[in-house]
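Q: These protein sequence lines are chains A and B, in that order. Note that the first sequence covers residues 0 to 72 in numbering that gives the first Met the number 0. Note that the second sequence covers residues 0 to 386 in numbering that gives the first Met the number 0.
A hint or two may mislead.
Said to hold, decoys possible - Listed next, the in silico SDA-like pairs over lysine to any residue satisfying Cα-Cα at most 20 Å (straight line):
id: 1; chain 1: B; residue 1: K100; chain 2: A; residue 2: R17
id: 2; chain 1: B; residue 1: K100; chain 2: A; residue 2: R62
id: 3; chain 1: B; residue 1: K76; chain 2: A; residue 2: E29
id: 4; chain 1: B; residue 1: K76; chain 2: A; residue 2: L55
It should be emphasised that the hints constitute simulated quantities derived from the structure, not laboratory data. Given the structure is predicted, the values throughout are model-derived calculations rather than measurements.
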Amino acid sequence: MPSDLDARLLAAHAADDRPALIALYRAASEASETETARRFYLTHAYVYALEAGSDLAPALRARLVELGAETAE
Amino acid sequence: MPKDQQRNILDAVSAPIEVARGLPNAHYTDPGTIAEENEAVLTRTWAALAVGADVPEPGDCKPLEFLGQPLLLLRDKDGTLRVFQNICRHRGMILVDAPRKIEGAIRCPYHSWCYAKDGRLVSTPHVGGPGQNSHPDMDRATLGLIEVRSHIWRDVVFVNLSGDAAPFEEVHADLLTRWQEMDKPLYHGGPDSSFVLEVATNWKLAVENYCESYHLPWVHPGLNSYSRLEDHYHIENQGRFSGQGTYVYRQLKGDDGEVFPDFEGLGEFWDEGAEYVALYPNVLLGVQRDHAFAIVLEPVTHDKTREHVHLYYAKPDIDEELREKNAAQWKEVFAEDVFVVEGMQKGRAAAGFDGGRFSPAMDGPTHLFHAWVAEKVAALRAEKDAL
């Protein structure tokens, strides 16, 4: 993960900034070089979106299903 | 103590009022006896836990502890209120530590398993390894939040922790019928219409005091000018509820003579009639033509009780000033009872006290409650002895 992204993620966790966490974990997923890392970070984006009731949650879940990280409903 | 002597003591409590004694001291002072009693009268019955107004909006949740059990009051997106155990099905972590609104899902703060507002398990991140959120052996459909059997009546949330009590409507059919006329929409008066009294007493003493009118002229002298002892009558339903009624209920009036709106369609009796009932085990209810209240008794420890008082009206938008005046008036009345219930709790340290006697004329409703507790405890002991 790029170091600036890592720093922004830590700052978002420290501030408990949920919208930022969703966006940054999604960005971390997209920046990842392995399938496992992509699924790992996208899972975090999805969990925070699910918790927040974000409109993004269904799309993130669908992407996790595509990546084989989540079962289809 | 030998079992036959224990049985004799409880038999003496449920004996006819003329000769009955009250519950022994151990039911107020001994944690072991009280633990047994709790199972008999609070776990296996429909115990009052909270009120619906504690979680008024969809998504609202409130963690509660009842008899040491971590519970969660949760209203789903459709407005249905449920009670769950406040723990994650994964490692038993407490899910919610303070009242709040759930926007999307409840996320366990430990490994982030997520639950929908109706209790379904909806996400299990990394449960199958990093970035793998399912596992064939982890069936989410069987791992939702554990629901506690509950029932809502007059906005009071009742729970049956043992899960095997007869249905609420069956157990309390008599009071539901008695107050059928009062079965109207109730509107909680809001934050200024609820208050909590922290009382250094066993919860049963609050029930016992509430049941009877005998103490009114002495403890609530303000009533004497318009509500005399002879204006009251006993309400007695063996094994279910007891309390008192009055024929001279007087409506609260504002500076310009304004009153609260009445519940619609009430009969003539309620023009000046009012009833105050302890519904066993632990909720005190009051009904009058223009407002009602519920006092949920939270048994904190064997000698500490939290009294959660809630006032309800017939319409949603009640004059704020009059509402506040009413809450202040009731708070004053209920606070007048505190020294009595705390004094009786202290008195229970007296080794020679035999549980006391009951006035056959005046203490019938209180005796009924004692007898119910004694019978419940005796039945539990008999059941365990038979195993």
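Q: Each hint: holds or not?
A: Verification of the supplied hints:
1. About 15 Å separates the Cα atoms of K100/B and R17/A, which keeps this hinted pair within 20 Å; it holds.
2. The straight-line distance between the Cα atoms of K100/B and R62/A is roughly 28 Å, outside the 20 Å bound, and the hint therefore fails.
3. Simply put, K76/B and E29/A have alpha-carbon atoms about 33 Å apart, too far for the 20 Å limit, and the pair is violated.
4. At roughly 18 Å between alpha-carbon atoms, K76/B and L55/A fall within 20 Å of each other, so this suggested pair holds.
In this structure, the hints that do not hold are numbers 2 and 3, in rising order.
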